[in-house]
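Peer 1: Just so you know, the sequences run in chain order A and B.
Just so we're aligned, residue 1 is where the first sequence starts under the working numbering, counting upward by one.
Just so we're aligned, residue 1001 is where the second sequence starts under the working numbering, counting upward by one.
Warning: the hint list may mix true and false statements.
To be clear about the criterion: a stretch of chain A counts as covered by chain B if any three or more of its residues have a C-beta under 8 Å from a C-beta of chain B, and this derived list gives those stretches [to be verified]: (1) 132-142; (2) 203-216; (3) 234-245.
Okay, derived cross-link-like pairs now, SDA-like style, lysine to any residue, Cα gap no bigger than 20 Å in a straight line [said to hold, decoys possible]: (4) A:84 to B:1210; (5) A:139 to A:164; (6) A:284 to B:1114; (7) A:284 to A:450; (8) A:139 to B:1209; (9) A:129 to B:1045; (10) A:439 to A:429; (11) A:318 to B:1114; (12) B:1045 to A:54; (13) A:84 to B:1118; (14) A:318 to B:1221; (15) A:327 to A:151; (16) A:129 to B:1223; (17) A:397 to A:58; (18) A:80 to B:1212; (19) A:84 to B:1055; (20) A:139 to B:1114; (21) A:129 to B:1118; (22) A:327 to A:347; (23) B:1045 to A:84; (24) A:80 to B:1223; (25) A:164 to A:144.
The set of hints was computed from the structure by calculation and includes no laboratory data.
Even for Gly, the Cβ is constructed at its ideal location relative to N, Cα and C.
Each chain, letter by letter, is given below.
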Amino acid sequence: MDLRTQLSMSFHLDKCIGCHTCSVGCKNVWTTRQGAEYMWWNNVETKPGAGYPLTWEDQERYMGGWEVTSGGDLRLKLLKGPGKLRTLANIFFQPNLPTIDDYYEPFTFDYDNLFNAPAGDDQPVARPKSLITGEFMEKISIGPNWDDDFGGSPLYASNDPNLKGLSDSQKLMLTQFHKLFYFYFPRICNHCLNPACVASCPSGAIYKRGEDGIVLIDQEVCRAWRFCVSACPFKKPYFNWNTGKSEKCIFCYPRTETAQANACAHSCTGRIRCVGVLMYDADKIEDVAKQPDDRLVEAMRDAILDPNDPAVIAEARKNGVEDNWIKAAQQSPIYNLFKKWRIAFPHHPEFRTVPMNYYVPPLSPILHQAKGDQGGTYDPESSEFFNDVELMRIPLKYLANLLTAGNESLILESLKKQMAVRMYVRQNRVGDVGDAKVKSALDACGLSEVDAEDIYRLVSLATFKERFVIPEMHRESKTSVDPRTMYEKRGSIGFGRKNREFLGRQW
Amino acid sequence: MDWNSVLYGQLPYVIITIAVVGTIARYVTNAYSWSSQSSQFLENKVLFFGSFPWHFGIVLVLLAHIFAIFFPSAILSWNAVPFRLYALEVTGLILGLLALFGLIMFVYRRLTDSRVRAVTSTADVLVIIILLVQVISGVATAIYFNWGSNWFAASAVPWIWSIITFSPDVAFIAGLPLLAKIHIFNAMLFILLIPFSRFVHFLAIVGPIQYVFGRPYQLVRWYGPRGARTEPIRQYK
């Protein structure tokens, strides 16, 4: 066993209201620089939707992530055929690299004109202006949240690769306003256990930090070969066109190292996010990534270790995990959501990067399709709220394509548990469900009343300290940190303006 | 004043000194700026027709030059059979034209695409001009002065070795045609510009080669007592 620790984030999709406060919090802290304007290290997508960059989930086009070869080896999809030699062949031009048009051309508006336009017959307007070329743009045809809330749009939502495998009547729902479903999906870098970006970087600039598992790009070593952008199936490394370096979500490590919550998680108004520590067995990573699709999530759960097991604690001590990290792992909300209660899932495990952020699938809209419609079960005349989750508006298949590599039974288990918790709480508060019905719902999904109470508490009442159990890193005690660099770098953000290249570009 | 001995006997040492010291200094003090400055992210349609022909053409031609410097007798004995001489010359010419085509696409792209223009620096303009002069003079030499693969081994190669061994002897190249001399002089300008431009990116090819032939997929850095600063997760390739 090779026990390691990982900082991980969870997202409760039922509670996300799509306000983009996380995205703005992240942008204000990290990406308001030239060359980074188009980057949203944290972004929120409407699902079903085309996403950002457009149709990023379509790996037939982008070739991100891993595949298991016929010989049983793990290989980057990008390096099909000759394997790593393909890196040398494609280093001059990458056929699968997205361009800025797949994201959007960053723009501002010519606000000056509103103040300085000469007197005339017409109201002055602020025309859009490119932040790359400085030229006026004819029109803005794509932006960072272009399909926001257009869950019912045949123009955008129908391009969602996750609709694969849905029946025609389910797809038809997208175009019928009264049957429509959509929900929001916040995304940051998954800080994977088997990161495709690290594996694809020819310069060796990207690495995973041993202590907290955060994946970072060493800006001094990056040489702009751009393979990380192509290889990451989540499209979370971004190419800074100004500095010629790739950048990505850094899990706000300057904050988490000092036990503060990440900018996105801290600013979340819906309180949908938790941050905590997971212990895992690094020897199992390769085996997990090679599992068949329907086994992937279970294999990931098997690789996560029980932080209360004395043998695991002893192993952690042996591997130099500090006591505050062990304690944090024992209180980890992520461990509970993912492994103990089994209600959260990784994003697209079939990309085989073993992502380390977890999503609780949405239960709402709690109202089913109305009875008058085909296949509907909900009778508006009755007061019956708690119907069969299998008949909910959001098709199980869709959620399974998104979160469990197509395994619907896992999604069903999670939804049934969430539904049982709702019934349990309603019975406690209002008392109109009936003890027998609550008991049978809890028993059916294997939840104890204590678990139901704990889930209810974590997803609704939990305080800041319960949601963000982040241990300090004690960088000052780490051997390889030169205190002088810490002094020099105080107050800096690690990116942005640096030395000027002689004769060259300025940054 | 003997211009030949100034330009081809003394100047090379100044240029090589600046290039070597400058490159090391840039790596040590400003590794952040060490980048291929790829602009594929901003424009990739024309780049496809520029980058592939340019790089494959120029890399092979450059390798041929380097091979000839180290093994001139091998080239000469290869060329002893006329058919093999023709084959080598034609191959070289085709690769040179391929590189020239790619370069012209580069220029077209820099001039016409406003996004690419926005990230074009002074150094980039110098880079393009120097490469244009180099490739055009090289291709023209190949066309107008036949069997360059032979006389290169008998004139430029001994001159380069005389420079390397600190006994510069410009007599080897003094009699070369002007076109060839421009080619050689411009090559020195190219070397001079290496530390001051994106030319440094071809030195960074060390990383990819190490990646392809040595490194495991995953890299982990530890800050604490786990010891080694970098350590692979597993040795799977």
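Peer 1: Take the hints in turn and mark each one as holding or not.
Peer 2: How the hints compare with the structure:
Counting residues of the region 132-142 of chain A whose C-beta lies closer than 8 Å to any C-beta of chain B gives 4; at least three are required, and the coverage claim holds. Coverage of a stretch by a chain is defined here by at least three residues with a beta carbon nearer than 8 Å to that chain's beta carbons; for the region 203-216 of chain A and chain B the count is 8, and the condition holds. Look at the region 234-245 of chain A against chain B: 6 of its residues bring a Cβ nearer than 8 Å to a Cβ of that chain, three or more, so the hint holds. The hinted pair formed by residue 84 of chain A and residue 1210 of chain B meets the criterion: a straight-line CA distance of about 11 Å does not exceed 20 Å.
A threshold of 20 Å between alpha carbons decides the hint, and for residue 139 of chain A with residue 164 of chain A the separation of about 33 Å lies outside it, so the pair is violated. The hinted pair formed by residue 284 of chain A and residue 1114 of chain B fails the criterion: a straight-line CA distance of about 49 Å is larger than 20 Å. Simply put, residue 284 of chain A and residue 450 of chain A have alpha-carbon atoms about 32 Å apart, too far for the 20 Å limit, and the pair is violated. For the hint linking residue 139 of chain A to residue 1209 of chain B, the alpha-carbon distance of about 44 Å lies beyond 20 Å, and the restraint is violated.
For the proposed pair residue 129 of chain A and residue 1045 of chain B, the alpha carbon gap of about 23 Å is over 20 Å, so the pair is violated. Straight-line distance between C-alpha atoms of residue 439 of chain A and residue 429 of chain A comes to about 15 Å, which keeps the hinted pair within the 20 Å bound. Our distance criterion of 20 Å between C-alpha atoms is broken by residue 318 of chain A and residue 1114 of chain B, whose separation comes to about 58 Å. A hinted pair counts as satisfied when its Cα atoms are at most 20 Å apart, and residue 1045 of chain B with residue 54 of chain A qualifies at roughly 18 Å.
Pair hint residue 84 of chain A plus residue 1118 of chain B does not hold up; C-alpha atoms about 33 Å apart against a cutoff of 20 Å. Note on residue 318 of chain A and residue 1221 of chain B: the hinted pairing holds, with a Cα-Cα distance of about 18 Å set against a maximum of 20 Å. The suggested pairing of residue 327 of chain A with residue 151 of chain A is violated, with an alpha-carbon distance near 42 Å, which exceeds 20 Å. At roughly 45 Å between alpha-carbon atoms, residue 129 of chain A and residue 1223 of chain B are farther apart than 20 Å, so this suggested pair is violated.
Of the supplied pair hints, the one linking residue 397 of chain A and residue 58 of chain A holds, its CA atoms being roughly 17 Å apart against a limit of 20 Å. The suggested pairing of residue 80 of chain A with residue 1212 of chain B holds, with an alpha-carbon distance near 14 Å, which does not exceed 20 Å. Straight-line distance between C-alpha atoms of residue 84 of chain A and residue 1055 of chain B comes to about 19 Å, which keeps the hinted pair within the 20 Å bound. For the hint pairing residue 139 of chain A with residue 1114 of chain B, the CA-to-CA distance comes to about 16 Å; that is within 20 Å, so the pair holds.
This hinted pair checks out: residue 129 of chain A and residue 1118 of chain B have alpha carbons roughly 14 Å apart, not beyond 20 Å. Straight-line distance between C-alpha atoms of residue 327 of chain A and residue 347 of chain A comes to about 27 Å, which puts the hinted pair past the 20 Å bound. A distance of roughly 25 Å separates the Cα atoms of residue 1045 of chain B and residue 84 of chain A; the hinted pair therefore is violated under the 20 Å criterion. Simply put, residue 80 of chain A and residue 1223 of chain B have alpha-carbon atoms about 34 Å apart, too far for the 20 Å limit, and the pair is violated.
The straight-line distance between the Cα atoms of residue 164 of chain A and residue 144 of chain A is roughly 24 Å, outside the 20 Å bound, and the hint therefore fails.
The structure fails to meet hints 5, 6, 7, 8, 9, 11, 13, 15, 16, 22, 23, 24 and 25 from the earlier list, while all remaining hints are met.
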